[in-house]
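**Q** Sequence:
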Amino acid sequence: MRFVIAPLDVVKIRLQLQTHSLSDPLSHDPTKLQGSPIYKGTLPTIKRIFREEGITGLWKGNVPAELMYVSYSAIQFTTYRTVSMGLQKAFEDHRLPAAAESFIAGASAGAVATTATYPLDLLRTRFAAQGTEKVYKSLRASIREIAVNEGPRGFFQGLGAGVGQIIPYMGMFFATYETLRLQIGNLELPFGSGEATAGVIASVIAKTGVFPFDLVRKRLQVQGPTRQRYVHRNIPEYKGVFKTMQSIIKNEGKRGLYRGLTVSLFKAAPASAVTMWTYERVLRLLMSMEEEKLKV
1 MRFVIAPLDV VKIRLQLQTH SLSDPLSHDP TKLQGSPIYK GTLPTIKRIF
51 REEGITGLWK GNVPAELMYV SYSAIQFTTY RTVSMGLQKA FEDHRLPAAA
101 ESFIAGASAG AVATTATYPL DLLRTRFAAQ GTEKVYKSLR ASIREIAVNE
151 GPRGFFQGLG AGVGQIIPYM GMFFATYETL RLQIGNLELP FGSGEATAGV
201 IASVIAKTGV FPFDLVRKRL QVQGPTRQRY VHRNIPEYKG VFKTMQSIIK
251 NEGKRGLYRG LTVSLFKAAP ASAVTMWTYE RVLRLLMSME EEKLKV
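In the UniProt record's numbering, the protein residues as written are 1 to 296.
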């Protein structure tokens, strides 16, 4: 699944890092863009990357992304389940409302998983941002160069935006998902269950709500000594989450905070559907196995 949607991830990152305004007449003047290409829409961007960088250009950053998603999912759901059970034990008879419990558990799971896998996320972004010029020759080389030239902090550029995004995102996602699942979980809907549909709706709502933080995170992840060597060579120097937001709004307008939102939703919605559908079935299987052990 991750391998199939990898090109959409590259497209999203390229759009998010594009700093000029397409509505500005000067944006069509190549002398004003400092070598930054103009990407317009998902399909034109895919075609341009394919034409200029070849088919492999659409899978740049896929290795660290695969490692990140496997690790992230394991940490996320383990933490979510652990926090949920902890809250139930802590409050016992005075149990929290389902939405509140899901929000707290989801936010905690997101924060822990994001922090633990953040270096892989940063590497994914930097590789996807590379154009025809290779900034890093390999995954091992990238780790070595960042460690030498930027130090340990270099692997966590933009972590504040990442945590600032994921806490409300996972909170909103699981709260919305659990609410919808209870209402439509038994209905015969696409994918054979309302759980997948609930996952899609929850993903769209949560992703749209926190998308500006996702964009800011990408802009901050490419800061450092290699900033002007990526496919977009005119990325400004940013410092801090809110100062970055202010700069983007000032120079690109409020729409600048939502570059790549459409392709992001197109990518995230089906992935969330499959993830939650699988999660619910694995959870039921584990619970049934636990019940069988208790009977014995």
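No lab work stands behind these hints, which were simulated from the structure alone.
Remember, predicted model here, so these are calculated numbers, not experimental data.
Beta carbons are placed, not taken as given, at the ideal position from N, Cα and C, and that holds for glycine.
It is possible that part of the hints are untrue.
[As the list claims (entries may be wrong)] Quick list of in silico lysine-lysine cross-link-like pairs, DSBU-like style, CA-CA up to 30 Å:
hint: 1; residue 1: Lys40; residue 2: Lys239
hint: 2; residue 1: Lys254; residue 2: Lys243
hint: 3; residue 1: Lys239; residue 2: Lys89
hint: 4; residue 1: Lys250; residue 2: Lys40
hint: 5; residue 1: Lys137; residue 2: Lys254
hint: 6; residue 1: Lys250; residue 2: Lys239
hint: 7; residue 1: Lys47; residue 2: Lys137
hint: 8; residue 1: Lys40; residue 2: Lys243
hint: 9; residue 1: Lys89; residue 2: Lys243
hint: 10; residue 1: Lys254; residue 2: Lys239
hint: 11; residue 1: Lys250; residue 2: Lys137
hint: 12; residue 1: Lys254; residue 2: Lys40
[As the list claims (entries may be wrong)] For each label pair, taking beta carbons as the anchor points, the in silico distance ranges come out as:
hint: 13; residue 1: Glu292; residue 2: Phe242; range: 49 to 55 Å
hint: 14; residue 1: Leu182; residue 2: Phe77; range: 17 to 23 Å
hint: 15; residue 1: Glu53; residue 2: Met287; range: 21 to 27 Å
hint: 16; residue 1: Glu66; residue 2: Gly224; range: 31 to 37 Å
hint: 17; residue 1: Val4; residue 2: Pro37; range: 21 to 27 Å
**Q** Under the constraints set out in the numbered hints, which ones does this structure not fulfil?
**A** Violated hints (numbers, rising): 3, 5, 9, 11, 15 and 16; every other hint is consistent with the structure.
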